[in-house]
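2 protein chains.
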Amino acid sequence: MSKKQLSIGLLGCGTVGGGLVELVNRNRELLRERSGVELTIKKILVRDPKKHRPGVDPDLITTHPEKVIKNGCDMVVELVGGIEPARSFIHTALAGRKHVVTANKALLATDGYSLLQAAAQQKVRFGFEASVCGGIPIIRALRSGLVGNQIHSLTGILNGTCNYILTRMEEDRAEFSEALSQAQKKGFAEEDPTLDIDGHDAAQKLKILAELAFNARVSAEQMSVQGIRDITADDLRMAEELNCVIRHVATAEMAGDAVTLRVEPVLLPSTHQLSSVRDENNAVLVRGDAVGEMLFHGKGAGSLPTASAVLSDIVDIACNKTGRSPLSKRTMDTKTPNIVSRRYLRFPVNEPSAIGPITTVLERNGITVQRAAATWAKNGNDRSQVKILTQSCPAESLDRALDEISRMEALQGKSLVLRFAE
Amino acid sequence: MSKKQLSIGLLGCGTVGGGLVELVNRNRELLRERSGVELTIKKILVRDPKKHRPGVDPDLITTHPEKVIKNGCDMVVELVGGIEPARSFIHTALAGRKHVVTANKALLATDGYSLLQAAAQQKVRFGFEASVCGGIPIIRALRSGLVGNQIHSLTGILNGTCNYILTRMEEDRAEFSEALSQAQKKGFAEEDPTLDIDGHDAAQKLKILAELAFNARVSAEQMSVQGIRDITADDLRMAEELNCVIRHVATAEMAGDAVTLRVEPVLLPSTHQLSSVRDENNAVLVRGDAVGEMLFHGKGAGSLPTASAVLSDIVDIACNKTGRSPLSKRTMDTKTPNIVSRRYLRFPVNEPSAIGPITTVLERNGITVQRAAATWAKNGNDRSQVKILTQSCPAESLDRALDEISRMEALQGKSLVLRFAE
Chain D
0 MSKKQLSIGL LGCGTVGGGL VELVNRNREL LRERSGVELT IKKILVRDPK
50 KHRPGVDPDL ITTHPEKVIK NGCDMVVELV GGIEPARSFI HTALAGRKHV
100 VTANKALLAT DGYSLLQAAA QQKVRFGFEA SVCGGIPIIR ALRSGLVGNQ
150 IHSLTGILNG TCNYILTRME EDRAEFSEAL SQAQKKGFAE EDPTLDIDGH
200 DAAQKLKILA ELAFNARVSA EQMSVQGIRD ITADDLRMAE ELNCVIRHVA
250 TAEMAGDAVT LRVEPVLLPS THQLSSVRDE NNAVLVRGDA VGEMLFHGKG
300 AGSLPTASAV LSDIVDIACN KTGRSPLSKR TMDTKTPNIV SRRYLRFPVN
350 EPSAIGPITT VLERNGITVQ RAAATWAKNG NDRSQVKILT QSCPAESLDR
400 ALDEISRMEA LQGKSLVLRF AE
Chain B
0 MSKKQLSIGL LGCGTVGGGL VELVNRNREL LRERSGVELT IKKILVRDPK
50 KHRPGVDPDL ITTHPEKVIK NGCDMVVELV GGIEPARSFI HTALAGRKHV
100 VTANKALLAT DGYSLLQAAA QQKVRFGFEA SVCGGIPIIR ALRSGLVGNQ
150 IHSLTGILNG TCNYILTRME EDRAEFSEAL SQAQKKGFAE EDPTLDIDGH
200 DAAQKLKILA ELAFNARVSA EQMSVQGIRD ITADDLRMAE ELNCVIRHVA
250 TAEMAGDAVT LRVEPVLLPS THQLSSVRDE NNAVLVRGDA VGEMLFHGKG
300 AGSLPTASAV LSDIVDIACN KTGRSPLSKR TMDTKTPNIV SRRYLRFPVN
350 EPSAIGPITT VLERNGITVQ RAAATWAKNG NDRSQVKILT QSCPAESLDR
400 ALDEISRMEA LQGKSLVLRF AE
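Each protein sequence line maps, in turn, to chains D and B. To convert, note that position 395 of the first sequence is 394 in numbering that gives the first Met the number 0; the numbers rise steadily by one, no gaps. To convert, note that position 332 of the second sequence is 331 in numbering that gives the first Met the number 0; the numbers rise steadily by one, no gaps.
Any given hint might turn out to be false.
No copy is singled out in the list; a pair is fine if it fits within one copy or between any two copies.
Think about it this way: if two alpha-carbon atoms lie no more than 25 Å apart in a straight line, the pair counts; the simulated DSS-like pairs of lysine-lysine are [claimed, not checked]:
| # | residue 1 | residue 2 |
| --- | --- | --- |
| 1 | LYS122 | LYS2 |
| 2 | LYS3 | LYS413 |
| 3 | LYS328 | LYS3 |
| 4 | LYS328 | LYS2 |
| 5 | LYS66 | LYS49 |
| 6 | LYS66 | LYS184 |
| 7 | LYS377 | LYS334 |
No lab work stands behind these hints: they were computed from the structure.
With the rest of the complex left out, here is chain D (with noise of 0.2 Å):
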């Protein structure tokens, strides 16, 4: 077989751009055996061409990006995140006749359509499995290996932050804020790491992948979101108790004709595939008509396992295996289910005494409480709180219950809400 020349224009050289870097050098031959492609990065954005950056040709190193993107390459891959300037950079290659492959989860998620369009359009190729769950090949997955299959659900472990926050604290019986301190300083969590824990990262990439999962564009505006920051050690503990984990998961459903999309801290069973996923690691599983559940498991980020998925993307486009699939113009409304599960709810209280109240509340609202308990503050900085283990439910009552509850006076602040996932 013939080799395949690919020059590649790379934007930013960060975490993964610096990964990528490295690995096309250390595993050049490999890729030429393997895919009889012969890579060459021709020239690197970067904002500061001072920094040392080990291992990467001095001569490749430009701040001006037109240099990157109008130089004759065949490729352009975008690494440096955030919706813009990296929008303008993509449309621009786009509108030169350029691939792209991009690992930003941010753009594809509010821009993902218009992108794949404008790629359509120019009949290039558009690659994005770095774009969710790091190394983890679940594009295409979706687009390929279970493409024969109608996806039921997909529910998945998409955040790594949130994962390894809560199993420090579940291991360690650390706080919220220790276990964030400590992803901190590992490198797991960003100095503001908002968008992780209050669950907007794994709100994106569910986007991403519920669109590949039901062939549709699906509006986000319907998902619910929740984090993990109200979560606590004692929760955690509660969860022991009931032979469960705590886990954030994400969850598109297909039901009837629209879609739901909910990112939220659950109860697992720790017989649930979910439960063992642990630290950083990231996994989905995807239930299709044809192939039952299916697991994927593995590092959802980091430098090398992120650019593992550019360059499968990378190489596949330089072989010709990454088809244009169609545009679906199908879209798709999103609904808020009326979830029947038990829950685990949490109330703080400016006395124990709450519990009859907040309990005879439930009831009326035709919930039956399993469990009660109530707990005095321990110290100044702590609450009273009340903690209640419902039988199922469904989410309408319980809303209703709740809205009651939170006009009670002896409610001192925001309550707690966990599902079971069973």
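Chain B: place on chain D using the hints.
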């Protein structure tokens, strides 16, 4: 995007072939939407034309292979299985410049290279996702998703029959023969289960995966293959005591310039990723230099899961996505590694006092005995047994000791050796 018409000649309409017809009929619209492909099954080869096949148009049925292979279809899908006449069918199809998709692991394991070579010469495509692990897209992962990785090792539960039997023995405390007949009743084991329970099926799959992972031809001659026939309910209980499970595991590993291939029942600690694989499921754990550990888990056999894999190849070929990978001319040596590991040994003996001499032989060969126990025969069919847990020791020392022990008069049959995979 314009529609792509693709006509298929189908060889075989058994479990997988019937599943394919069902899936193509059921998800026709979805396939059209997702990939722009319009599939038509033009002719179907069967052995018995009179058999009732619900959902299959009787006009398509034929007993003449040439009516399927030489009738102007674009692609031949081979699902008859076995070496001949499947091999001749495929060579005829390739010679007629038809794309080929197959689920035939036995043929792939023996003739994979020459089939790929013939396809490359004819410039047609050859898909075999369905030959290993049913619906799990592991072939794609190795050829495309993880293409940028040096693969260090690949460890998998590749045979659903063995895993079902071991799970039943574990959960129901059943003996091997009971669990086997349960598997046969459920359709998870053939009437003649030899290929599965003696490890040959897993060995064929391992060879296919290893050649893809290491991009080289490997010989299966040096493969050590051990089945699960000798495992008893008692061994499972011992495993439980050690906080382990017994799983039938296939491993391909780089060792310098050579490869080691093993198929064997091993003791897995309950924290091991493969220990939670239950019933007839399959799983593959891949270790790559960039992605780290990646797990794929799902249904490894069955009508629709396997048909899903066949269909993914059909659609990729129709969309021109399955690039012709170069054929590696490299061959790699296989070698038997001197694995250092803890081991569980069980010896059938004429009387429990044999524990003394057996322990002495082990210690003389440098093997430290961590625990030893002897049991009396419970009834006439039973034997007295000596069970030993060793500390970590090299396979070569153990083999020397076992050789000596095998010549002891006290020994009354085959001993069992299980490695701890840690």
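Going through the hints against the structure:
no.	hint	result
1	LYS122 with LYS2	both (23 Å within a copy, 16 Å between copies)
2	LYS3 with LYS413	neither (59 Å within a copy, 56 Å between copies)
3	LYS328 with LYS3	between (34 Å within a copy, 18 Å between copies)
4	LYS328 with LYS2	between (37 Å within a copy, 15 Å between copies)
5	LYS66 with LYS49	within (18 Å within a copy, 69 Å between copies)
6	LYS66 with LYS184	neither (36 Å within a copy, 67 Å between copies)
7	LYS377 with LYS334	neither (42 Å within a copy, 64 Å between copies)
The structure fails to meet hints 2, 6 and 7 from the earlier list, while all remaining hints are met.
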